[in-house]
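Assemble the whole structure, with the sequences as input and the hints as a guide.
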Amino acid sequence: MNGRARHFMIAAGLVLSAFAAIPAVYGKQDLVANLSDHEIAITTGFTGAKLLLFGAIEGEGQIVVVVTGPRQSVKVRRKERVAGIWINTDSMTFDNVPSFYAVATTKPLEQIDPDIRSRQEMGLNHLNLRPADIDDDVSMEDINAFREGLVRNQVRHGLYSASSGRITLVSDRLFDTWVSFPANVVTGIYTVSVYYIQDGNPVHAQTTPLRVSKIGLGAYAFRFAHNNAAAYGVFAIVIAVLAGWLAAVIFRKV
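Quick note on numbering: the sequence shown equals residues 9 to 262 in the working numbering.
Hints were generated in silico from the structure; no laboratory data involved.
You may find that some hints are simply not true.
[What the hints assert, rightly or not] When the alpha-carbon atoms are kept at most 35 Å apart in a straight line, the in silico DSBU-like pairs for lysine-lysine are as follows: (1) K58 / K222; (2) K115 / K58; (3) K83 / K58; (4) K222 / K83.
In structure tokens:
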């Protein structure tokens, strides 16, 4: 039995046990889901991570998983060729942009009502990406061009999935999917939302937080640099001067 099969069998057992226990206390539950780990630790040499999301449903329906990273402001710049040189000619800032985005589904997202997809941000075309502050003379065509540029950049850096991932459904009850995170993910709290869809409408949803954090010496240096920017700058200059002086001494002796 390979690693994936072992993970899924363990997950299936846990989920079935949960389903057996829940009705006695809470009544019927249509959806139960969980992650193989609730924290990703970024250490020196971190190359990315993969987490298993697993669960079970009661009855027939579609499952959609949406993973979003911490929201942030992103400035998108437009480059144009002027006198043979590529330069930044214009820019647009978007607020509340997911730093990471991935979606997986058991069936095509097109089977879900477009309004629901927009509200729950199911699919790249339904991400709620709006400019922070624009002039009245900015056309919708320009806004869409910058929006497409933003998504294209995130996809190129591996932070957005260009297509929907696949959720494996077993016996119309158990399901699982892998979520991959690249090496350049930002730290913070991620949101993993699982939607149970029937007749094109969500009937149940579950949201699970996921923490991505730096640990070790790299984390200490990162926190120190952000909390003590001035001191960190002075320290970096001192180290650079000492390194230059030491190199000069060594080469003088050689």
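Quiz item: Which hints from the list above does the structure break, by number from lowest to highest?
Solution: none
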